[in-house]
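In this note's numbering, the protein residues as written are 9 to 365.
Calculated from the structure, these hints are not laboratory results.
By construction, the Cβ of each residue, glycine as well, lies at the ideal position given by its N, Cα and C atoms.
Just to be clear, a hint being listed does not mean it is correct.
[Unchecked claim] Between beta-carbon pairs, the in silico distance windows are: (1) H41 with A315: 24 to 30 Å; (2) E253 with H53: 30 to 36 Å; (3) T151 with N25: 40 to 46 Å.
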Amino acid sequence: MLTMDDIVRYLGDDADNLLRHECRTIPKQALTHPSPTTVDTVYAHSDRNNQVLRSLQQLFNTGRLAGTGYVSILPVDQGIEHSAGASFAKNPAYFDPENIVKLAIEGGCNAVASTFGVLALTARKYAHKIPFIVKINHNELLTYPNKFDQVMFGSVRQAWELGAAGVGATIYFGSEESTRQLQEVSEAFQEAHELGMFTVLWCYLRNPRFKQGGVDYHTAADLTGQANHLGVTIEADIIKQKLPETNGGYKALNMEGSNYGKTDERIYTQLTTDHPIDLTRYQVANCYMGKIGLISSGGPSGQNDFAEAVRTAVINKRAGGMGLISGRKAFQRPMEEGVKLLNAIQDVYLCPDVTIA
């Protein structure tokens, strides 16, 4: 298990900036913090039925983070959009769906999120051992020319029949197709709740115009925060979002006489700063002040996966988030190393010295 000294070592020169930061924008006292009683104190007061509460409690009671209110989820659905070859070439063992589920279990995850095919093929052996989250829609890049549209790959009923505890879906907010996607996912989430499954929404932005002046605003705090707010509006139980890397998306898209969205200068002067924890705190605030959990994306695999994973976990936890959903950094390496990486992420949430800022 990582010690605080290990976490500091992984953070390197950013250690003091990330571990000693005190958020003076939206105070931590205003948030609902992840806790062992989250299901009782938040979801049980909602319209979620008893079956959904049971599924959520199963999620929170599984893996190394059981009983903490935090979650570590392994997502392996990249074979659809990024192509199986590009995703699994680094480690061809994960062409075999069973190894995906094994990694989640050996890695101490709360759940595994994957496709209908992966989870259906392993359902009778593993659905009772770790919560399954079926990703019900995808974008695929085999159509020529490539297009970017999330379409349903199966039904909510199929997910329920294979034993899933939850369903996940993506909406490309900001795209031309987003209104249709929002309607489809909203209906799917309603059916999932009726059948007793919890819901996870990938709240991603997608529009080429979100790149302005050499800056990519797909990860701007103001735009991703609003995407989160739309996600909780359609009753997502957990929001998945990328860490914010910049801010001022609304401002950039309203330059040169354009008229886009609505914003308020106080977002930039009072509710956020340029500190990564403050930017992520704004994302948490848009998830009903933390009542709906924010899990941050682990991002692609690279040269410094362990350090980047620990950094992302520290930012998410200190901002008031609920955990990490990290895939490529774990499965694009030998299983033993993948388990070690997932455990490193979890150790941040288990460390009492990493507190909410």
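Taking the hints in turn, this is what the structure says about them:
A hinted range of 24 to 30 Å for the beta carbons of H41 and A315 is consistent with their spacing of about 26 Å. Roughly 34 Å separates the CB atoms of E253 and H53, a value that falls within the hinted 30 to 36 Å. In this structure, T151 and N25 meet the distance hint of 40 to 46 Å, their C-beta atoms being roughly 44 Å apart.
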